[in-house]
Amino acid sequence: MNLFTISDLHLPLGANKPMDIFGGWDNYVERLQKNWKKLVNKDDTVVIGGDVSWGISLSESRPDFEFINSLPGVKIILKGNHDYWWGTANKINEFLSYNKFDTIKILHNNCYSDGSISICGTRGWIYDGIGEHDQKVILREANRLETSIKLAIDKGTVPIVFLHYPPVYAEYICEEILSILKKYNIDTVYYGHIHGKGIYNTVSEYDNIKLMLVAADGIDFTPQFVSKCGLFEKIL
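Here the working numbering is used: position 114 in the sequence shown is 118, and no number is missing along the way.
Keep in mind that a hint or two might mislead.
Quick list of in silico lysine-lysine cross-link-like pairs, DSS-like style, CA-CA up to 27 angstroms [claimed, not checked]:
| id | residue 1 | residue 2 |
| --- | --- | --- |
| 1 | K140 | K104 |
| 2 | K187 | K201 |
| 3 | K159 | K201 |
| 4 | K201 | K154 |
| 5 | K38 | K95 |
| 6 | K187 | K232 |
| 7 | K140 | K186 |
What follows is a list of derived Cβ distance ranges for each label pair [claimed, not checked]:
| id | residue 1 | residue 2 | range |
| --- | --- | --- | --- |
| 8 | I157 | S63 | 35 to 43 angstroms |
| 9 | N73 | V141 | 26 to 34 angstroms |
| 10 | G135 | K41 | 27 to 35 angstroms |
| 11 | D211 | G27 | 15 to 23 angstroms |
Hints were generated in silico from the structure; no laboratory data involved. Here a beta-carbon is modelled for each residue, glycine too, at the ideal position from N, C-alpha and C.
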């Protein structure tokens, strides 16, 4: 049983907002489905690092969730900056339960453990958003990340961290997020958000922390192997 990750699916099935107007995104839903089914088995787990659906509400995003639910494996989703459908955890969980999307869970102020490792993470935020609102969001996201990691450590497991925003990009550094990663000796982070030519400005390592970009278009719409794992039975 394996743990995989991929971010930024930008599914358009409910909102009719395809990404194939951008270079490299042609037939991306079909390519994603083919690659996913080739690699992922029903006992595997896939962390989806945000920007899941273009729907602006849960109802509009329903076809996208139906598509994700049909794919093999357990799917754990965290919030991205374009996930306008995201509401409270209770509303999302009610939506998933009502529609019997029973292979999908959300990562939000929690973690998911298999006895040896835990899936941890949060959205993160922009680096130099100096406005008062941005600073509040950055601190909130840092607190959510720390909560998730501490839960994993309290269980005696090794935290594996997923973000939507990179903590370091080009010359920008999100010190609040980075300080949490350093505090708990996190050595690898998987993130999305960056596309196209922006990929050339990504940083692969900073202060001995490996930074792994897994935005779908940057990895040929193919889930990336992270680790061997259990079935995460506690979340099903």
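Consistency of the hints with the structure:
1. For the hint linking K140 to K104, the alpha-carbon distance of about 35 angstroms lies beyond 27 angstroms, and the restraint is violated.
2. For a cut-off of 27 angstroms, the pair hint linking K187 to K201 is broken: about 32 angstroms separates their Cα positions.
3. For the hint pairing K159 with K201, the CA-to-CA distance comes to about 40 angstroms; that exceeds 27 angstroms, so the pair is violated.
4. Our distance criterion of 27 angstroms between C-alpha atoms is broken by K201 and K154, whose separation comes to about 36 angstroms.
5. For a cut-off of 27 angstroms, the pair hint linking K38 to K95 is broken: about 31 angstroms separates their Cα positions.
6. Taking the CA atoms of K187 and K232, the gap is about 25 angstroms. The hint holds against a cut of 27 angstroms.
7. Straight-line distance between C-alpha atoms of K140 and K186 comes to about 21 angstroms, which keeps the hinted pair within the 27 angstroms bound.
8. The hint said 35 to 43 angstroms for the Cβ distance between I157 and S63, and at roughly 38 angstroms that hint holds.
9. Range check, N73 to V141: about 30 angstroms between beta-carbon atoms, so the 26 to 34 angstroms window is met.
10. Taking the beta carbon of each, G135 and K41 are about 44 angstroms apart, not inside 27 to 35 angstroms as hinted.
11. Checked against the hint of 15 to 23 angstroms, the C-beta distance between D211 and G27 comes to roughly 33 angstroms, which is inconsistent with it.
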